[in-house]
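Visitor: Residues per chain, in single letters:
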Amino acid sequence: MASLVASFLAFLARLISGASDLWLDCEPLPKQRIYFGNHTSHMDFVVLWSVLPDDVRAQTRPVAAEEYWTTSKLRKYVAAEVFRAVLVDRNSNTVEQRRDQMERMLSGMGKDQSLIIFPEGTRGEGDEVQPFKSGLYHLAKARPEVELVPVFLENLNRVLPKGEYLPVPLLSRVYFGPPLHLQEGESKDAFLERARQAMVKLASQ
Amino acid sequence: MIYRDQELFGLYMGILVLLVVASIIGFLLEWRVKTPRGRATVANINARIKAWWVMSGVFALANLGGTTTTILLFAFLSFLALREFVTLTPTRRGDHRSLLFTFFFLMPLQYFLVATQWYGLFSVLVPVYAFLFIPTVNALQGDPKHFLERTAKLQWSAMICVYCLSHAPALLMLRIPGYEHENAKLLLFMVLIVQLSDVLQYVWGKTIGRRPVAPNISPNKTVEGLIGGIASATIIGTLLWWATPFHPFVAWLMALMISLAGFAGGLTMSAIKRDRGVKDYGTLIEGHGGILDRIDSMCFAAPLFFHVVRFFYSTI
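Listed in order, the protein sequences are those of chains L and V.
This note's numbering puts the first sequence at residues 1 to 205.
This note's numbering puts the second sequence at residues 1001 to 1316.
Next comes chain V alone, as it looks inside the complex (with noise of 0.2 Å):
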């Protein structure tokens, strides 16, 4: 069914128009820039479009593999995500039983959820189960150290990696009449739309880019990326609407949402790199960081559009 959809088609033909301008683009700028500076953020800008070749090739893989071989990749994700940040949050002996029940019942139960599309389950597993639970383990070992603050960070990388992250597949599972079997396409729009606003507020930024939204949690951050990476995903998300079961209006507020969402999902897991004095949650991705930096924004888009749709539009 999937794979023949002519529309998903063309969404995976604009991309790859995309990366290959992209390319070109930074190839041109390789031979134009002659300063050492221009150099090293042109060197940054090549590795970044590299690895958005290999991340776009993964994802497409995936995506039109299937809703199994989705969910597979985004636990996948959920998987190396939660590994980067627990690395950074310092947690203790205590924390131990709680990161084995974290890392290998409840992500894998969490994306099981989403692969037998049970909702119900699946919406509260983490904020009342999970919440309720990683707390208790925690008490039983005994260590009354930092207790509070130490829960807190538990529950926010089972919220944050699993939880938030698992809403991205979960648009597979929403029923909107008149779109059946044509959710990927919800999902890669939701994706496209998160990254692109991402990409294009880094772009806006480092050419006019002047006042810093928030100079001591993420100085790259600036006033006049944020309105112009949002104005033109916005505008890219309305031309989409084709491919969507949304009217180009709602299109247009869906993309707002997501790109708000995602840069707040990118200025509050930037506060948590700054207070643990990193730039970087790792370095699997060259150029990007690590996974959790390249997929931040869609760990805060993902839940809002999977529930503002669902609301909206789904019967499920």
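Excised from the complex, chain L in its bound form (with noise of 0.2 Å):
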């Protein structure tokens, strides 16, 4: 039921987007990954989620914030039945609670579960990638092995602007790049810059 329900919500998110998805020397494989996108519009997860392939979706878990998807049953069902979403809490802001956000994540991912994450954190306005949170940092210094792929939303912040509640049926596109990886000695924020920087030329494609 969960995955019928699935299937149909990623048709109806690729109709409404009229999004199409474009692999720059990344194949689409039901690896373990981390994809982290820019997030501009209330839309991005779904999108995101709905033009990965069946199996790589099959395996993809989007991060998602835990105060907006367990308002309601039925938030709450589509969160974990249907898009199998990791929920953590937006505002942690003592160092435990960020520890403990992190090991959320980490158990989400398990053995061979992929994420999706936003980690410039809020939802610009959709012209510039803003500096990124330091999770993609820890993610990726505690699962070296997991490929980092970054993916550009491009025309979903006018799909569905941040305000607004009703989609204008536009075409968007969804670029996915190169996989990364924490370099060994790499700084936090030399690194969360690479990461950005990775986004940003998918951005100028």
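Bear in mind the hints are in silico, worked out from the structure with no lab data behind them.
All residues carry an ideal CB built from backbone N, CA and C; glycine is no exception.
Be a bit skeptical, because a hint or two may be false.
Partial list, computed: chain V residues near chain L (C-beta under 8 Å) [said to hold, decoys possible]:
no.	residue
1	Glu1084
2	Val1086
3	Thr1091
4	Gly1282
Stretch-level coverage of chain L by chain V, calculated; a stretch enters the list once three of its residues show a Cβ under 8 Å from a Cβ in chain V [stated by the list, open to error]:
no.	region
5	148-162
6	165-171
These two chains come separately, so use the hints to put the complex back together.
Guide: Next comes the structure, spelled out in structure tokens:
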């Protein structure tokens, strides 16, 4: 049932967003990966998730905000059963709280699950990629063998801009870039900036 | 009524023969051409022919299905064209509400008016009401940046993709004495001439084309292609007079008008593409580009043909 709903939702998301996917030096394979994308619209993770091939999507879990996805029974069901989302609390301030969020993501990945994350944290206006938060770095450090795939979502901020409720069915595109890894001895800031640049480079395609 | 129209059946048989002949030529070309560049051209031609089979099939089903299916097909084409057009046109946050209005209210309403044959409102909905409403909505959004430019873009998208295109199925609402219940052929005549003219201009241009008409806009449109294409398309139009309410000479004039308007449409939409730095509006139809690349000429030909026929022939 849940997988049927998932297929239907993926179809619907592709229909509304007119999304096509473009893989640049990266193959759409069911490997364990962390997809990190730019965040400009409510539809971001659904669209990114929907353009993945079925087998890849079946083992990819979006990281989503707990405060949004636990407010009603329907949302809880969709998050848990359909998207199989890893829910995190975005208002974590103390060191322990943050460590707990990291634990949730790592256990959500397990042996073979991929994640979708948006390292900018909040949604930007879509004109520029914001500086990254450090979560991506900690994930890369904890799981150095996992491929980090930069993703750029184009036009979604026009399909459904911040603060709007109804999407305009324009055509959007999802770019997947060459995977990267944390290099030995690379500092947190250097790594985060390199990852951000990989995303910016996709934007100029 | 429409299903038993012998002449309509005849037109579709003609299209079928044309497609079969084109496919055979494409097959022979593939077999004969050896150079890499020639092969790429032939591969594109064959992709186009294949797409023509699909497009003709979809159109035939809708057209033979009657008025409702024809209107639904064009409404769907409008939606796809609008989507491609707006995607290519940079809009801002403040345009969101106007875009929602265009996609979900204006477009369905325009085709609803075609379906209910409300000619009066049909002909002024976009040029009067939408023309004034869209800038108002935009102004209420409170973003003055590039205001006139943005409004113009939204109005153009509504004008070309919704208003102009809706004149094609609107041909079905015309009432021509002595031609009652035969309007499906009028629509097919227009679509056939405008598309054949496009194809023939391409064929003549590829074979003997030398001098480009507007090199900065569209290097593939040549004077030779234009003259050859329009001359041959108008001959075909004349030979099809029996399917129309026209005298053969009038059929020739109509085909000439449709071809010229079609050329103007293709050229204008190319200018927009050039400005945006792309070759095609989309990737939906293999070998052709997007929907809008295929129907750009019709967007100009349909309203002209509709109004000329209405003025001289129709009682509505």
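Visitor: Look at each hint and say if it fits the structure.
Guide: Structure-based check of each hint:
1. Contact between Glu1084(V) and chain L, as hinted, is supported at the beta carbon level, the nearest pair being about 7 Å apart and thus within 8 Å.
2. The interface hint given for Val1086(V) holds, since its Cβ lies 6 Å from the closest Cβ of chain L, which is under the 8 Å cut-off.
3. Nearest Cβ of chain L to the Cβ of Thr1091(V): about 6 Å, under the 8 Å cut. The hint holds.
4. This hint holds: Gly1282(V) has a C-beta 7 Å from the nearest C-beta of chain L, less than the 8 Å allowed.
5. Under the rule that three or more residues need a Cβ within less than 8 Å of chain V, the assignment of the region 148-162 of chain L holds, with 3 such residues.
6. With a threshold of 8 Å between beta carbons, the proposed coverage of the region 165-171 of chain L by chain V holds, since 5 of its residues qualify and at least three are required.
Checked against the numbered hints given earlier, this structure breaks none of them.
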